[in-house]
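Chains as they are written, first to last, in the numbering used here: chain A, 32 to 335; chain B, 586 to 871.
The set of hints was computed from the structure by calculation and includes no laboratory data. Cβ atoms here follow ideal geometry from the backbone N, Cα and C, with glycine treated the same way. Check the hints yourself; a few may be wrong.
Stated by the list, open to error - If the Cβ cut is set under 10 Å, some of the chain A residues that face chain B in the computed set are:
#1 Asp82
#2 Phe83
#3 Val105
#4 Val111
#5 Pro113
#6 Glu114
#7 Asp117
#8 Asp120
#9 Arg121
#10 Lys135
#11 Gly139
#12 Tyr142
#13 Val176
#14 Gly221
To be verified - Think about it this way: if two alpha-carbon atoms lie no more than 25 Å apart in a straight line, the pair counts; the simulated SDA-like pairs of lysine to any residue are:
#15 A/Lys107 to B/Thr756
#16 A/Lys157 to A/Glu114
#17 A/Lys157 to B/Thr756
Each chain is listed here by its residues.
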Amino acid sequence: MAAIELDSVEKSFGDVRALRGVDLTVPEGEVFGFLGPNGAGKSTTINILLDFVRPDAGSVRVLGHDAAGDSVAVRKRTGVLPEGFDVYDRLTAREHVAFAIDSKGTGGDPYPVLERVGLADDAGRKAGGFSTGMRQRLALAMALVGDPDLLVLDEPSSGLDPNGARELREIVTQEAAEGTTVFFSSHILGQVESVCDRVGIIREGELVAVDTIEGLRSNVAGGSTLVVEVDAVPEGAVERLQRLEGVSEVATEGDGTTLRISCEDDVKMDAVQELESAGADVSDFTTEEAPLEDLFAAYTEGER
Amino acid sequence: MSWQAVAEKDFRDAIRSRLLVVLTALFALFAAGAAYVVTEIDPPQQAQFTGEVTTVLLIVGLVQATAVFIPIVAIAVAYRALAGERESGSLKLLLSLPNSRRDIVFGKFLGRSGVVAAALLVGFSIGLVVTAALADAFSPLEYLTFVFISLLFAFVFVAITVGISAFTASTSRAAYAAFGLFAVFQFLWSLLARGLVYVLNGFSFEGIEEGDVLFQLFQFLSILDPTSAYSQATVWVVRRIADSEEAQSAADAAFYLQDWFGFVILAVWIAVPLAVGYLRFEAVDL
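Generate the whole structure from the sequences, applying the supplied hints.
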């Protein structure tokens, strides 16, 4: 059974079409990164999963339940770290977690889960005095109550310092190791790269790619760059390279002895051979992977 | 069913509000002060006549003032109930947990009602001491009945305010709407009822006599005002306890003029605003 199933989901707010037919399936046990620039439809999608917002069309199933009709059943087995939330200023950290325990009806002691997110020493403090990062940890503690089958984390690293972000990744990894499905949204690809099995990229309300990070790289032209050192670039070599199938861009760099060739992975050796047959003496070549930001930009910017 | 969890959380949260401490202190001062004014400074005419300030007379005098003060306390405690959580974003935390929207509306009503009840009970306890000391013939039963009906009246305004709070993500709008409605009940209701009868009678009051359909409509509309219903229910019960004859005397009037009908009105004013607020809250994108 899939943990999350979206089928042709559409949602408009007034004139703004926030989601334009989103299809997405996240199998159980997967760590899924949900990426897109701000305003692309990430939060709307998550809000629909949790029944904060109702879709105009399409079907949404979470953990086998209808997301709108059976939302309480969904949320019983789901831990959520919402985006743009606030805590109850006058309640202590312990009272927050106790409320989560009462709402989920799981029983038990708030302390262990507070310890897990690093708030054990602040359990008796009122949350009104907490920093953004501590509020984030508190909400994560509430999400972890009752050992959920699905964790939904909406922009979880936004308020965290690097240390907090690392601890969050550790918790995500631990949960995933126990079989929890994790649905993780971010507008920064680098944050999800190390923890996610697959990522989906949403842009202007449409899912433009769903793949592993490696898969995304190989799909994007110029996903990697071949850097070749030669003694000198022979006449006509650049033109010959550009005529090769799978080569998208050739640039000469520095003093004219370095060539940067953007191409698909399986034509790299052809490109080097082509250079040599043009008369160049290749002294060294390396492959550079495109920075993740470029990869992300390739999907989310420019003409489509 | 997680409404208990919501109610408990909400009670803990709202009871720590500083505004509540201020309101409780004000109400305590008010309850004691009003008891003093009614007994010592400006006793009801009947007391001047008989020379004795009974608990009944004291309560009849107090009801006019509590009818204004209690709604203000209730609105101040409840207007942020849902709108405040939507405005700040804590509603996302509340809704991320397995709380249905019905549990949230109902739990909020219970939690805030508990807070208002706590504030009023503190105030009334102090009023009780003053009343017991000042009234010539103090009846604890009559006073407790008065307290009970006053709490019911407070819950009406909590229900109305929670219902209004479900309609908006702006606490200031919720406050304006709740106090606006209170002002309508307090000052405009009878004028509006008169106006309606005037219009229905072809823009005049001519020819309307006691016992007419329009006259009955006017009486019925007047009693629908929760503030009137509160006064009516209080006076009925307290009189009945003190002196069964007087209560009997009105027994042949229409059902809605019976004093007990005030309780029905109060119950309706709790149920309907909550139901309307819930339906709205259930349907909206949050």
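Going down the list of hints, with the structure as the test:
1. The interface hint given for aspartate 82 of chain A is met, as the beta carbon of that residue sits about 8 Å from the closest beta carbon of chain B, less than 10 Å.
2. Taking 10 Å as the C-beta cut-off, the interface hint given for phenylalanine 83 of chain A holds, the closest approach to chain B being about 5 Å.
3. With its C-beta approaching chain B no nearer than about 8 Å, valine 105 of chain A sits inside the 10 Å limit, and its interface hint holds.
4. Interface restraint check: valine 111 of chain A against chain B, minimum CB-CB distance 4 Å, threshold 10 Å, status holds.
5. Evaluation of the proline 113 of chain A hint against chain B yields a held restraint, the C-beta minimum of about 4 Å falling below 10 Å.
6. Proximity of glutamate 114 of chain A to chain B holds as hinted, the smallest CB-CB distance being about 8 Å (cut-off 10 Å).
7. The closest approach between the C-beta of aspartate 117 of chain A and any C-beta of chain B is roughly 4 Å, which is under the 10 Å cut-off, so the hint is satisfied.
8. Hint status for aspartate 120 of chain A relative to chain B: holds, with the closest Cβ pair at about 8 Å, below 10 Å.
9. Taking 10 Å as the C-beta contact cut-off toward chain B, the hint placing arginine 121 of chain A at the interface holds, the least distance being around 4 Å.
10. The closest approach between the C-beta of lysine 135 of chain A and any C-beta of chain B is roughly 6 Å, which is under the 10 Å cut-off, so the hint is satisfied.
11. About 14 Å separates the beta-carbon of glycine 139 of chain A from the nearest beta-carbon of chain B, more than 10 Å, and the hint is not met.
12. Interface restraint check: tyrosine 142 of chain A against chain B, minimum CB-CB distance 18 Å, threshold 10 Å, status violated.
13. Residue-level restraint check for valine 176 of chain A holds (minimum Cβ-Cβ distance to chain B is 8 Å; threshold 10 Å).
14. The restraint placing glycine 221 of chain A at the interface with chain B is violated, with a minimum CB-CB distance near 26 Å, outside the 10 Å limit.
15. Under the criterion of a C-alpha separation no larger than 25 Å, the hint pairing lysine 107 of chain A with threonine 756 of chain B is inconsistent with the structure, at around 30 Å.
16. Annotation: proposed proximity of lysine 157 of chain A to glutamate 114 of chain A holds, straight-line Cα distance about 21 Å (limit 25 Å).
17. The suggested pairing of lysine 157 of chain A with threonine 756 of chain B holds, with an alpha-carbon distance near 23 Å, which does not exceed 25 Å.
Hints 11, 12, 14 and 15 from the earlier list are contradicted by this structure; the remaining hints agree with it.
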